[in-house]
Amino acid sequence: MKEDDPKTLTQEGSGVSRRDFLKISGISAASVPLIGTKVVEAAGAPVKVYGPGKTPVTLMVNGAKHTLQIEPRVTLLDALRDNLDVTGPKRVCDRGECGACTVMIDKKLSYSCSTLAIDAQGKQITTVESLAEGGRLHPVQQAFVDNDASQCGFCTPGFVMATKALLDKHPQPTPEEIRRGLAGNFCRCGTYFGIRHAVAQAAQKGA
Amino acid sequence: MPDYSWPTAENRTLIGKRISRLDSPDKVSGRAKYTYDVHRPGMLFGKIVRSPYAKAKILSIDTSAAEKMPGVKAVHVIQKVGSTVQWAGTEVVALAAVDEGTAADAARAVQVKYQPASYLVSDAEPQPGQAEAAGPMSNDDVWDAIDNQMPEAAFIDYIKTHGITFHPAEDDLKSMKGEGMSDAGIEALRKAEYHEPSGSGHTNYQKAAAQVTGDPDKAFAEAEAISEGLYGSSVIAHCCMESHGSMSEWTDKDHLEVHISTQNVSGIPAQMAEPLKTTAANVHVHQDHMGGGFGSKFSADRWDITAAELSRKAGGKPVRMMLERSSELMVAGCRPSAYARVKIGAKKDGTVVAWQSQSWGTGGPGGGGMPPTPYVFNIPNLRKEHVAIRNNIGPARAWRAPNHPQAAIITMGAMDDLAAKLNMDPLELWLKNLNIAGPREKTYREEFTIASDLMGWKDKWKPRGQNVSGNMASGLGLSLHTWGGRGHASDCDVTIHPDGSVDIKMGSQDIGTGTRTTIAIVAAETLGLPVEAIKLYIGDTSYPPSGGSGGSTTPGGVSSSTRRGSVDVREMLFEKVAPTLNAKPEELEAVNGTVRVKGDASRSLSWKEACSKMGAVPLTARGKNPDKSKLPDLTNSGVGGVGMAEVEVDTDTGIVKVKKMVAVQDCGLIIDLKMAESSCYGALIMGISYALFEEKVMDQATGRMLNPDMQFYRLAGYNDIPELVVHMMTGKGYDERGVIGLGEPPVISPGAAIANAVANALGTRVPFIPLTPDRVLAALEHKAGA
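Chains A and B, in that order, give the protein sequences. FYI, this note's numbering numbers position 148 of the first sequence as 160, with every residue one higher than the one before it. FYI, this note's numbering numbers position 155 of the second sequence as 1090, with every residue one higher than the one before it.
The shape of chain A in the complex, shown without the other chains:
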């Protein structure tokens, strides 16, 4: 994935590379499980080790703070859906392929199925539920309605989030920017035609 791809999934801020993670996993597996958070040294830096077992996790979701007791292995998607009843993000592929779970983490469009809830702490998580204000649909949402851009609707929240992020970044997107912005989502009913027109409408209205 390219640097400026809105769907790039990096673990910004954690400072832990995939190789470090493997090393940490090795250490924690060999150590005796303790109550509370343990700190180990990995790749020359102190790293917190969570679990096994439930651990308190604090999430800022759509502006509200929630503290959950969940296992460290729980994804942000499952924490949102099963612990907070925030079910706009959908679980479809559960491995970062389809985009139905798309949310914003801080200013970054992200697959919530491929982000651990513990890694989303201290960040602003924004889901599709937050877009409509005072019962009034966001211009992107209204454009989806007007252009019949949903059929079964299961992929729709992900597409709405991807479209909003695209237009936030590129208010007048070029075809290439649209291609890149919507390349991370799949639809089965075939609503891309409606989405194409929804993007055009929302861009014109300055969503």
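Rather than coming from a laboratory, the hints here were simulated on the basis of the structure. Treat the hints loosely; a few may be bogus.
What the hints assert, rightly or not - In the DSS-like style, the derived pairs of lysine-lysine whose C-alpha atoms are separated by at most 25 angstroms in a straight line are:
#, chain 1, residue 1, chain 2, residue 2
1, A, LYS66, B, LYS968
2, A, LYS217, B, LYS1609
3, B, LYS968, A, LYS77
Using the hints provided, position chain B relative to the given structure of chain A.
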């Protein structure tokens, strides 16, 4: 008797207009709750242990370690020790735990010992002599014939010749009738000769009875041109975005609450009751929204029954059991493959006179039926042979327009090759033969004229292989299709309340096809109200039953019942209001939010005022479809549609890009033009998806599906979508036929049209879809070597 017929064009204010889907605001805002989103207090998470083997005998099952794990609340063994599983992914053990992680850990702790057996996951062409002659039909075979829409005459002929291996029970016959078996078919089953089932079990390769019409040998001998070719389509999956599954909860020892992702709300209780040893009346089913089914969600599946069993074992706690993506792709249904070697004969002028096909394909353990070829064209002389391959890839399910896309690929491919052989523009060949295209001949003619203009066919079309620039080859292809689409049985209650509010209760479901909006438009039109004034209650077994949403039967069904119920309740209101307006009830009309004397705006009441005259008790009328006492018939059967595709193929990489697609479609009276067009756009896109990308790839070495994920089970994405043009046939000759469903027809032609366009571009046929780069390059290599 009131006039139930559809309003004429000049009297329609809503029907046929472009109206936005009523549930879109809920869907775009994340408010719409699907089965997967239902979370009940104390809910447990279900998990299933599946067989890793395509075929294996279960030697032992040990769940003791799983049962002891903290947080595990119920374990249910699905398979008996000693039984044989028939596909990888078969459900063996299920369990429920307090959270999903615990359930997954527990599933890993279940020990199952298998004795693997030899299996078949290939659907390659049978070797000569490999297939066993057709034999008597088992109960499963009969169901398979129903599922595959075996023609009535062929079915009866087969049963008479070969007999059956079971004694059909009345209940069985009744449910077969319910699933579409004709009375003559039922009668043939009653009279069929009984044969003992053969001890050896099923062979993998089973011949179907050959079908012969006319004198194919003579016709081929006299034909002036003969074209031979190989055509087909691979097994594909449904890949519903919302996976299959349900949440079950026993609210007391007798009552089961079920949320289920289904196309068939009203049909679920009876399916769940029997295996759960309760009654259908004790099962309450609810569904608000559904994330895609495409034919794969009519039944209460084994995992749904299992969720209810687990709930019972866990003291009634709710258990949610949704399939993981891998399971969704492995076990929750696939579209049967169909391949054929075809010989087609014609006169010099293109008149097709003879057809011969040897076809084969698989629908998994059931084998699958003969594709209905030649498709649409009633070629006078034909011979068809078919071998069904029963294998271990998992069971097939109805996939949007069952059998038709496969039949179109085979038939339209053969016709297209014939046109090339005759040096004819395929459009000319199709037009030449429309006289044998059945009852929709006139429709096809009109549609081809429109489609040809929209595509720019006459300017763009070139003979095969003659539109090449460097490594880029361009081409055009076309196809046509048909479907029934008559409205199903549907009941609804339409209620007008004294405060003027209106509600409709119907046990139907909106599977993303706009059923809510269809119902509301019909009721609003009939009552002279805005669409928003109609409050809808659907997706629940507390409401009057309505048929499953399959085979494009829903629009005709729900619009007919809604129209009748709305007319009747409107007449009841007129009775109450007439004295106030000093008129007779039959002199009144409900238009534009008023009830008034026809043609006299001065004698008028607002809708709300009118309703206040009814007293304290609401008025309710039951609308039904069909209803012979309330004519006319408001639905119809039989549509025609055509498709055209323009492609560009990179002959270096084998990558096919669709440049433009055109669909021209009839569906009788259109309720909502916007949704009808969306249905066609979506179908074109789904067609591009199955034509270019989709295939359930089976690993011959392990017997498992190699691509049970959305990275390698590739759907068309936003960037695969070209210019799309849809034209709906409306007006005289179409509207007066009544409402006909649209879900299936437009998805039939795209694959065939694209495959033909690729043949036109390359100058050679890529036999099978999906038209993946490897297949395209292989065809080019074959052409170069030939």
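Okay, the hints, checked on the actual structure:
no., hint, in the structure
1, A:LYS66 x B:LYS968, "violated (28 angstroms)"
2, A:LYS217 x B:LYS1609, "holds (22 angstroms)"
3, B:LYS968 x A:LYS77, "holds (23 angstroms)"
Violated hints amount to a single one, hint 1; each of the other numbered hints is respected by the structure.
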